[in-house]
Amino acid sequence: MVDAAPETAVANGIAGPAYDEPPIIEVRDLNIGYGGKAALQGVDLDIYRHEIFGIIGPANSGKTSFLRALNRMDAFNTAMEVRGSIRLNGKDINDWRNVYALRSRIGVVFPLPVGLPLTVYENVAFSPRLRGIRKKAELDEVVERCLRRAALWDEVKDRLDSLGSLLSGGQQQRLTIARALSQEPELLLLDEFSIAVDPVTTMRIEDVLKELRSEMTIVLVTNLVQQARRLADRTAFFLMGELVEIGDTEDLFEGKVTDQRTTGYIEGRFG
Amino acid sequence: MAWYVDRAAQVFVFVGGISAIVFIAGIFVFITKEGLDFVLGPLSLGEFFTSIEWRPTSNNPTYGALALIVGTASVTGFAMLLSVPLSLGAALFIAEFATGKTRETLKILVEMLAAIPSVVWGFVGMSIMHPLIIRVFDVPLGLGVLNAGLILGLMAAPIMTTIAEDALKAVPDTYREAAEALGATRWEVIVKVVVPASRNGLLAAVLLGVGRGFGETMAVLMASGHAINLPTSVFDSVRALTATIAAELGDTVQGGNHWGSLFTLGILLFIVTFVINLTADIVVRGIRKK
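Residue numbers (our numbering), protein chains in the order written: chain C, 1 to 271; chain Y, 1 to 290.
Hints were generated in silico from the structure; no laboratory data involved.
Remember, predicted model here, so these are calculated numbers, not experimental data.
Glycine residues also receive a C-beta, built at the ideal position from the N, C-alpha and C atoms.
Any given hint could turn out to be false.
As the list claims (entries may be wrong) - With a Cα cut of at most 20 angstroms, we get these calculated SDA-like pairs of lysine to any residue:
1. Y:Lys192 - C:Ser85
2. Y:Lys101 - C:Gly35
3. Y:Lys192 - C:Leu163
Stated by the list, open to error - Take a look, some chain C residues computed to stay more than 12 angstroms from chain Y by CB distance:
4. Gly16
5. Pro58
6. Val99
7. Arg269
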């Protein structure tokens, strides 16, 4: 796997956020706009290794834009302007001359499952192949491991050669998670992954994410505040392009907030 | 009142849909009827397919179509060698790399190219390509497979480009984003995701180009030299099936043997086109099933 969990966590047998280490992501004065219209303004935050970092907020609050900026997906949308600095492991992501190498270290799971028009097997083998893994046995091993970890192996092991798009919605979303894991990412970005997934599958994926935390850092954008409560170590609340609040998830849910809008949103008074 | 608008719309759409079948069947019946007497009578299939002696107006007429078949096939084949890579490259550039004004301008220009009448292309072949080929390759005649193939290739390219570009654009952007998010470069995304996902459409584009090549008449008539000949080099003149029909049909007696022989060429063209389309259909279905 990528980086081993920090020594302390391994020693204790528990994987927890490494707050005593330098953050994996440092965001400073991040501003995102689309054609001059601001989507996110003046965001400063740090994300630590082995943390599940939740981001909640109503629609159009800038959550997805934030994720896209982390992965430099702004390259797809000429109207998207990103200003400010984002550092991954201390290095500004705009200083990566090879944006593809940067993206290959960051796994992304989109709101609706985007199965590549390939077989189940090829979906998961796509990224390992890009990294130069050619041997069938090695690919087989990676594919099985990733599918197992995404809690999908038992359901698809007999139809690895059928198209990924023939799976059910929930299975497809787990396929995209398996695919993201095949990158062996340091950072896993999930954008409202449970939109198209039934509650039982959602729970299964949530269990998977809790396990994955020992190996990677997870940024979880969700529109289900209870999902953030179940999973996130710390949670940020975005509202209309503003980072309103950031804090320990339990604190936020217990009402220890600096801004009453946070409690208002969590309790469902708006949003 | 809504119900009879709906009913009328249904009938209208049904007539439109069924008309394609009616016309195809009608054309087939018409061509076959005109050619059948000849096919069943004076025609020797052996001669038709193996002889290059096409002398329908001779006192002792012969109807060997081999040279015409080879002529059409060689010109079309040469044209495809040129236009398939050219069109797919152009389509990839327009669909995947060009943005904003470049893209729009290119699209309009390509569509304008597709609208140039074939007689104009034939004119280009005769008055520009012909002397150019003589000068560049130092050959006595510039009308032949090379000239007609180049002209036909350029003619088929715009329509192939347009269809191929549509096929590439039909691939959802989410695929591109997902693949790039996995760390694939633009080129890797194109080769591993976009082209495989659009291969049905790309295949359709190529086959449409082949169909265009088989059916094109005027430009080929003007640029090929229109000489009955089995070509041994790209500089040799050839004669195409279509050009033969166009050039000779006006001089025949309706219902006569010459008339019937030209309709036999028509039946052949019809069958070839039909088989190409059917093959394409089967191939496309085969891919879909997998």
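Going through the earlier hints one by one, which of them does the structure break, listed in rising order?
Hints 1 and 6 are the ones this structure does not satisfy, whereas the remaining hints hold.
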